[in-house]
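Enquirer: Below are the chains, spelled out letter by letter.
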Amino acid sequence: MSWLRIRAVARRHAYVLQRAPQRWFDVIIWPVVDAVMFGAIGVYFARQSGAGAKGAGFLLAGILLFHVVFQAEVSLATGFMEETWSRNLLNLLVTPLREGEYVAGVVLFGLAKLALGVSTVALVALGLFAFNVTDIGLALVPIVGLLLVVGWAVGLIVIALILRVGQGAEILAWGLLAMLMPLSGIFYPVSALPGFLQPLGTALPTTHIFVAARTVLEGDALPWDELAIAAVGTAVLAVGALWFVVRMLAVFRSRGYISRHV
Amino acid sequence: MPSSAGDVLRARGLVKQYKRVRAVDGVDLTVGAGERVALLGPNGAGKTTTLLMLLGVVTPDEGWVEIAEHRLPRHRSAAAAHVGFAAGYLPLPERLRVREFLHLFGQLYGLHDPKPQIDAGLTRFGITHLADAMGNELSSGQRTLIGVVKAALHSPALLILDEPTASLDPDVALKVRTGLNRLCADNGTALLVTSHNMVEVERMCDRVVFISQGHVVADGRPGEVAARFGRDDLEGVFLHLAEEPQERRHERRRPRVRRRSGA
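Going down the list, the protein sequences come from chains P and A. The numbering of the first sequence is our numbering, which starts it at 1 and goes up by one. The numbering of the second sequence is our numbering, which starts it at 263 and goes up by one.
Treat the hints as calculated values from the structure; they're not laboratory data. In this text the structure is predicted, and so the values were computed from the model without any measurement. Ideal Cβ placement from N, Cα and C applies to all residues, glycine included. There's no promise every hint is true.
Unchecked claim - Here are the computed distance ranges between Cβ atoms for each label pair:
| no. | chain 1 | residue 1 | chain 2 | residue 2 | range |
| --- | --- | --- | --- | --- | --- |
| 1 | A | 468 | P | 18 | 19 to 29 Å |
| 2 | P | 251 | A | 468 | 32 to 42 Å |
| 3 | A | 295 | P | 200 | 53 to 63 Å |
| 4 | A | 429 | P | 7 | 30 to 40 Å |
| 5 | P | 127 | A | 382 | 29 to 39 Å |
| 6 | A | 377 | P | 182 | 48 to 58 Å |
| 7 | A | 439 | P | 243 | 39 to 49 Å |
| 8 | P | 196 | A | 337 | 23 to 33 Å |
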């Protein structure tokens with residue numbers, strides 16, 4: 001791995017964010033909208049049921065932590081999509097840049113975007129709804145770590161699908177997350193889902209991560225058993241995503257799909 | 263053909279089959295150090311697929327490629343460090359200035375501070391005034407020149423150019439040729455270029471390799487190849503090869519017409 005090349009890729013994407021105002025939508029606008037909307041819903045239902053501020057806290061914690069997955073996934077997937085939109089893929093493929101270095105460069109810059117996006121949600125939650133995410137304490141570290149890996153894994157799956165079927169798969173950068181969000185029960189336990197969806201929800205590592213987060217918010221100790229299930233599920237997802245993207249890259253090279261991107 | 267000791271590129275038995283088309287069918291190609299070779303042939307002959315296999319972007323079904331003694335695909339990254347690539351049809355990324363684009367690719371090719379090479383490259387092609395322009399502000403000719411500067415930043419042993427002067431004004435095409443000639447003379451860079459401009463090829467290249475229907479049909483000095491086909495120049499050879507498949511297609515169509523008229 002060459003640090004020089006990783007840095008070069010990260011810098012290339014910094015230029016893109018700097019010069020493409022629409023990209024700030026994912027980083028700032030969407031997080032603000034989500035924080036305001038879910039915070040307000042939480043406050044309203046809390047008033048109706050007289051359940052106090054806890055309901056808003058659950059919703060805000062859920063959306064804030066989901067933005068970790070969202071920002072990690074979207075920054076990786078749209079980073080790659082930027083190369084297809086600007087027809088830069090062939091230019092990159094003929095350089096000594098290795099696939100791992102490219103992903104590392106996009107992830108490195110993605111971490112900066114993630115910090116911006118998640119901080120935005122956290123500040124809006126604190127400023128408008130007096131919800132402080134750091135109340136979760138040190139338990140945030142493993143929870144955020146696992147959510148990051150899930151986000152990157154989903155991003156790799158989207159890249160693999162774009163390599164295989166072309167730009168038509170781009171919608172999945174947002175579509176897969178839209179499916180993951182309700183199935184993972186980020187605001188509610190999986191038992192609230194329709195019966196036939198519950199096994200699917202239970203199989204997702206994100207479900208167990210959000211269970212752990214809610215448990216801590218309720219004032220209980222971090223449930224290590226849930227976290228262990230989440231860690232194993234995340235590892236399986238990450239290995240599967242890596243295998244899938246490597247396989248699809250081989251298909252891409254073998255079938256000459258570069259012709260779709262020049 | 264040059265001896266293997268001085269070769270920057272060696273490819274043997276390259277085959278590529280797409281769904282219904284055998285795009286490349288057993289191509290052997292060698293480029294010696296500092297040699298200037300043109301890969302020629304009509305549209306659909308298999309030139310671009312061959313180039314993409316040489317660059318490691320497309321995996322051959324059969325055969326192998328070696329660049330500066332690095333075998334693809336295992337040593338693709340090491341091999342790519344010895345090659346530069348530019349194509350007339352490739353745009354520049356929209357949201358980068360020319361200098362930023364060149365800086366990015368300089369670093370991808372391993373240059374820690376590519377500024378001196380960027381300045382030298384822009385000067386060589388007489389386009390220093392474009393350094394701060396955005397990619398989407400450039401004409402196609404200017405983009406081609408920037409693409410060639412990018413491809414040569416790291417002083418590669420081999421420069422692969424796919425139709426670098428296609429659809430360029432004669433003055434810009436001259437600028438490209440002059441810059442390339444200077445680059446090859448100064449650095450001893452070998453050149454592998456595809457082009458549909460036979461006059462340009464005769465001016466620039468020591469050797470031509472003609473491909474037709476995925477096969478190498480001629481390999482030699484321009485004058486020798488033209489003589490072998492009984493033509494005055496490369497244009498004549500090109501037209502001969504371009505017409506040949508049409509004649510064959512015409513012959514294949516005839517029996518069907520007869521069957522219809524007889525029915």
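Enquirer: Does each hint fit the structure? Answer for all of them.
Expert: Hints, verified against the model:
Range check, residue 468(A) to residue 18(P): about 46 Å between beta-carbon atoms, so the 19 to 29 Å window is missed. Distance hint check for residue 251(P) and residue 468(A): the Cβ-Cβ separation is about 38 Å, which falls inside the suggested range of 32 to 42 Å. Separated by about 60 Å at the C-beta atoms, residue 295(A) and residue 200(P) satisfy the suggested range of 53 to 63 Å. Hint check: residue 429(A) to residue 7(P), Cβ distance near 36 Å, so the stated range 30 to 40 Å holds.
For the pair residue 127(P) and residue 382(A), the beta carbons lie near 53 Å from each other, so the given range of 29 to 39 Å is not met. Look at residue 377(A) against residue 182(P): about 51 Å separates their beta carbons, and that is inside 48 to 58 Å. The hinted window of 39 to 49 Å between residue 439(A) and residue 243(P) holds, with their beta carbons roughly 47 Å apart. The supplied range of 23 to 33 Å is broken by residue 196(P) and residue 337(A), whose beta-carbon atoms lie about 51 Å from each other.
Violation of the numbered hints given earlier is confined to hints 1, 5, 8; the remaining hints are satisfied by the structure.
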